[in-house]
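Number of protein chains: 2
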Amino acid sequence: MRVAVLGTGVVGRTIGSKLMQLGHEVTMGSRSADNESAGGWASEAGEKAEHGTFEDAAAAGELVFNCTAGTASLEALAAAGADNLSGKLLIDVSNPLDFSGGFPPSLSVMGDDSLAEQIQRAHPDGRVVKTLHTMNCAVMVDPGRLSGDHDVFVCGDDDGAKAQVSELLQSFGWPAGSVVDLGELSAARGTEAYVLLWVRLYGAFSTGDLNIKVVR
Amino acid sequence: MRVAVLGTGVVGRTIGSKLMQLGHEVTMGSRSADNESAGGWASEAGEKAEHGTFEDAAAAGELVFNCTAGTASLEALAAAGADNLSGKLLIDVSNPLDFSGGFPPSLSVMGDDSLAEQIQRAHPDGRVVKTLHTMNCAVMVDPGRLSGDHDVFVCGDDDGAKAQVSELLQSFGWPAGSVVDLGELSAARGTEAYVLLWVRLYGAFSTGDLNIKVVR
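Which chain is which? The protein sequence lines are W and B, in order.
This note's numbering puts the first sequence at residues 93 to 308.
This note's numbering puts the second sequence at residues 93 to 308.
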């Protein structure tokens, strides 16, 4: 499948490379067509790796990963173009982290709204699913690197889109039983807020190689 | 030890009863000395169970549990009296849940502040430790009711106070290795925000009998 990965940071490059390893064709999108990080990634990732603008990538992709910084996501998706997102699965991996006060960050949207919902409102014809953003990217694409079971959350308003994401997550190495469907997209208010706990866990354990498991 | 439990809701009554079972003497505090819930609890909880106003309870207690609703906590602690809290361990179990928009709730403070820090600022001579508020009260006092290990978070600016809380949590049944010290009190920004995820987990699993474990 041709996948658009928006964002050339470590999250985008890691997910892009995982998708390439799984046999997908990836177009990485960034603000400018000559982005060095995207170019370097594409030259290493294989023959079927492409890169271009957000618009180029979104036009090429059958599904779209938003791996841009949360504070830049709405702008990046606007640049990608509503028509290029219409009807497509839009997997939102971003976090609305606000580092203006230093580390640990706050969130630029929280409480009775979420970045995922803002994205969905801006692109009502896209099928937004929020997932994977509650861990670092090494864990996203290699859940087995941690010792023991742990969970990945999924939420969105389109059940078919969530089912497609669940399959993709399983191809990443997530056991079906570790994919926790939290329901509608507004559940992203919870998963995005959780990231404020994640940064404290990162501080307490001096590693981002961690995640949580729901125990009942 | 004589313990003050502020708040007569299910959290306060459950923690109060657990403390009584462990041999402590509990004074439950509420807005008025003739609170029916506190009176009913005290008559069932045993001879050494007392109840009175927030001020009565805080004056009697060597340590103080804040089990009031988060939106009422600052007022309740003000009524308890700064002098009655000075130098004492103040265990904050409250959540700043805002139900004005219905269920699921939002938070009345979040992001770059927390209710725990607001309480500490209002009572600089108290030794505030935030803990236990990331689960329902049945799990707080009986962690073994869930299948498998899971964690309780502790944060605060006074290491001695946190050590005392860790011992108390172990007396509640928490293994020492499940007590996760997140550092300074500002980490409550993370644990309080997590509660927005907890309410979604509650919805997804149709039970509050759950908690999380940090997996590395």
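Please keep in mind that the hints were generated in silico from the structure rather than gathered at the bench.
Every residue gets a Cβ at the ideal spot worked out from N, C-alpha and C, and that includes glycine.
One or more hints might be untrue.
Derived, one-sided and incomplete: chain B residues facing chain W with beta-carbon distance under 7 Å [unchecked claim]: (1) LEU189; (2) ALA279; (3) ARG292; (4) GLY300; (5) ASN303.
Hints, one by one, checked against the model:
1. LEU189: With Cβ-Cβ at 11 Å, over 7 Å, it is violated.
2. ALA279: This hint holds: ALA279(B) lies near chain W, its Cβ roughly 4 Å from the closest one there, short of 7 Å.
3. ARG292: holds, 4 Å
4. GLY300: violated, 10 Å
5. ASN303: holds, 5 Å
Consistency note: the structure conflicts with the earlier hints numbered 1 and 4.
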